[in-house]
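Visitor: Fit chain B to the given chain A structure using the hints.
Spelled out from the first residue to the last, the chains are:
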Amino acid sequence: MFEKVLTQHIQIPESRDIDYYMKHGGYQAFRKVLKEMDPDQVIEVVKESNLRGRGGAGFPTGVKWGFVPKNDDKPHYLLVNADESEPGTFKDRLLMDGNPHLVIEGAMIASYAIRANLSYIYIRGEFVKEARILEAAIQQAYDKGLLGKNILGSGYDLDMYVHRGAGAYICGEETGLIESLEGKRGWPRIKPPFPAIEGFLQSPTIVNNVETLACVPFIVERGARWFKSIGPESSPGPKLYCLSGHINKPGVYELPMGTNLKELIYEYGGGILDGKALKAVIPGGSSVPVLRPDEIDVAMDFDSLAKIGTMLGSAGTIVMHEDTCMVDALLNLIHFYRHESCGQCTPCREGTNWAERILKKIEHGQASEKDVDLLEEVANHINFRTICPLGDAAAMPIQSFLKKFRDEFNAHVAQHKCPLNSRL
Amino acid sequence: MKVEFSEAAKKEFDEIVKRYPQKRAALLTVLHLAQREFGWLSRDVMEYVGQLLDIPVGEVYDTASFYTMFYKKPVGKYHIQVCHTLSCALRGARNIYEHLEQKLGIKDGEVTPDGKFSLIKVECLGSCGTAPVVQINDDYYEGLTIEKLDDILNHLDKNSE
Chain A
317 MFEKVLTQHI
327 QIPESRDIDY
337 YMKHGGYQAF
347 RKVLKEMDPD
357 QVIEVVKESN
367 LRGRGGAGFP
377 TGVKWGFVPK
387 NDDKPHYLLV
397 NADESEPGTF
407 KDRLLMDGNP
417 HLVIEGAMIA
427 SYAIRANLSY
437 IYIRGEFVKE
447 ARILEAAIQQ
457 AYDKGLLGKN
467 ILGSGYDLDM
477 YVHRGAGAYI
487 CGEETGLIES
497 LEGKRGWPRI
507 KPPFPAIEGF
517 LQSPTIVNNV
527 ETLACVPFIV
537 ERGARWFKSI
547 GPESSPGPKL
557 YCLSGHINKP
567 GVYELPMGTN
577 LKELIYEYGG
587 GILDGKALKA
597 VIPGGSSVPV
607 LRPDEIDVAM
617 DFDSLAKIGT
627 MLGSAGTIVM
637 HEDTCMVDAL
647 LNLIHFYRHE
657 SCGQCTPCRE
667 GTNWAERILK
677 KIEHGQASEK
687 DVDLLEEVAN
697 HINFRTICPL
707 GDAAAMPIQS
717 FLKKFRDEFN
727 AHVAQHKCPL
737 NSRL
Chain B
230 MKVEFSEAAK
240 KEFDEIVKRY
250 PQKRAALLTV
260 LHLAQREFGW
270 LSRDVMEYVG
280 QLLDIPVGEV
290 YDTASFYTMF
300 YKKPVGKYHI
310 QVCHTLSCAL
320 RGARNIYEHL
330 EQKLGIKDGE
340 VTPDGKFSLI
350 KVECLGSCGT
360 APVVQINDDY
370 YEGLTIEKLD
380 DILNHLDKNS
390 E
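Order-wise, the sequence lines are chains A and B.
All letters in the first sequence, in the order written, are residues 317 to 740 by the working numbering.
All letters in the second sequence, in the order written, are residues 230 to 390 by the working numbering.
Honestly, the hints are just simulated from the structure, not real lab data.
Yeah, the Cβ is synthetic: ideal placement off N, Cα and C, and Gly gets one too.
Incorrect hints may appear among the rest.
List of simulated lysine-lysine pairs, DSSO-like, C-alpha gap at most 27 Å [unchecked claim]:
id: 1; chain 1: A; residue 1: Lys-351; chain 2: A; residue 2: Lys-390
id: 2; chain 1: B; residue 1: Lys-301; chain 2: A; residue 2: Lys-445
id: 3; chain 1: A; residue 1: Lys-677; chain 2: B; residue 2: Lys-350
id: 4; chain 1: A; residue 1: Lys-445; chain 2: A; residue 2: Lys-339
id: 5; chain 1: B; residue 1: Lys-306; chain 2: A; residue 2: Lys-445
id: 6; chain 1: A; residue 1: Lys-445; chain 2: B; residue 2: Lys-239
Listed next, the stretches of chain A that the computed footprint assigns to chain B, with coverage defined by at least 3 CB atoms under 8 Å from CB atoms of chain B [to be verified]:
id: 7; region: 320 to 333
id: 8; region: 365 to 379
Bound-form chain A, shown alone (with noise of 0.2 Å):
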């Protein structure tokens, strides 16, 4: 039996406080990382574990924190990651909002385990009540002497706060998170050198998304044979999986990495609205190459996901039945990428921009077959180009909407119109 472990008592109103939360076992790991561990044996269970970030990329969060130099001068610094903004994402702010201590706590253990003394909370700045929520959390924690200095009598200090963003999904990004956090444009850039070596002014800078770091805490304390046995071993752990879009019951889902699609969509998500027929699932979040209704029979994990030429992304799945226009669809989401292009690179800042226009050609029925292969010509060369993941977050949606449903682009040519009237 799979037991839920990050959103296990979020219904109940009094999991926010520390009190509730230090009942239920909460701070343990921290405690224990203090007495009983070196940072160098954190980093080695989180390795082990094969815990893989939550945030989108996949990367093995315990080797990104071996990345961190150990015998340096420059002061190293843990940022988290809750600049949740990728359509169809929304599992970040829940635990935010129903688990505070859970994220602190991770955050936590990952700044001794990198030697960091200071750690900021960059959380996009439309969440101002999940911002207000955490700040509570913090000073908690400050007031049961479990952040400061000499934490627990045990020489280690670390201070931390909460830094609102203020509307912009590049800062998702980690070094244009960086940027943003030194108080300038959300600029990625360019890499190496990697924020592990040169990040937060100029210092180690280890970037982690909420949900990665509030399975932490539980690697800690149970072990990384635990983590390892819930799901596929090479992407494992307890996930939550975002349900939204034209699905009965959508919501937030705790259950093993690797669930199948098919029975997230159907069984947890109670099927298609309105007993409508599925079209299509974008599993991942909005930048991830989208998946016919026959291609579902597949597990939720980075690999197996991999493998079927999509990604798991941020698990935020987006379910279309029979009356979607994917070339609306597709305008929706590139007028997205069209907005959120930070405009560094050329070929996202026009590339975004020519695709939204031939996009609308294309809905409005003003567009000839050539459009169409414009756009694909667009897309493929926006892919690859930039500095950073932004330019295929754009490339992939169009890539895999053309691919897969490109009889619907070519009915929009032929007819000089939108055959179902979409106005989405």
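Guide: Below, chain B without anything else, positioned relative to chain A:
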């Protein structure tokens, strides 16, 4: 009009600056504070923030103009932000938006003549599971219907009198 923080905001500013190893890193947080104090970020406000943090006004503007939540012109007392990205769009965000346009008599980016309401379409608010969603000032209103929306507007309208 001379731009200056209230005493409470000055105290808050001092606290904010202490959280960062460098003053510049406090910029976004101070801009949030300034916007709360003055309603929006005029050139004078940006100059004031620049002076406080030793940053040239051009650089303050460079940063502020990058972020959609920093307003470069006045907004309404109630700033209504309608999410129109895919998950909300699939669940009727357009109806919500068009109803607001009609009811308030303003379009995307405009403010009602009495300054009470402003309306804007925004990108994904990260609440896709409770679509359609609207953010008014700091608060999210989720799982909206036209009826719920009307109730909220009436309530706000009354409150502002």
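Visitor: Taking the hints in turn, state whether each one holds.
Guide: Structure-based check of all given hints:
1. For the proposed pair Lys-351(A) and Lys-390(A), the alpha carbon gap of about 25 Å is at most 27 Å, so the pair holds.
2. For the suggested pair Lys-301(B) and Lys-445(A), the alpha carbons sit about 24 Å apart, so the restraint of at most 27 Å is met.
3. The hinted pair formed by Lys-677(A) and Lys-350(B) meets the criterion: a straight-line CA distance of about 21 Å does not exceed 27 Å.
4. Taking the CA atoms of Lys-445(A) and Lys-339(A), the gap is near 25 Å; set against the 27 Å cutoff, the hint holds.
5. Pair hint Lys-306(B) plus Lys-445(A) holds up; C-alpha atoms about 19 Å apart against a cutoff of 27 Å.
6. At roughly 23 Å between alpha-carbon atoms, Lys-445(A) and Lys-239(B) fall within 27 Å of each other, so this suggested pair holds.
7. Counting residues of the region 320 to 333 of chain A whose CB lies closer than 8 Å to any CB of chain B gives 0, so the stated coverage by that chain is violated, three being the minimum.
8. With a cut-off of 8 Å between beta carbons, the region 365 to 379 of chain A has 0 residues touching chain B; three or more are needed, and the interface restraint is violated.
Of the numbered hints given earlier, the model fails hints 7, 8; all others are met.
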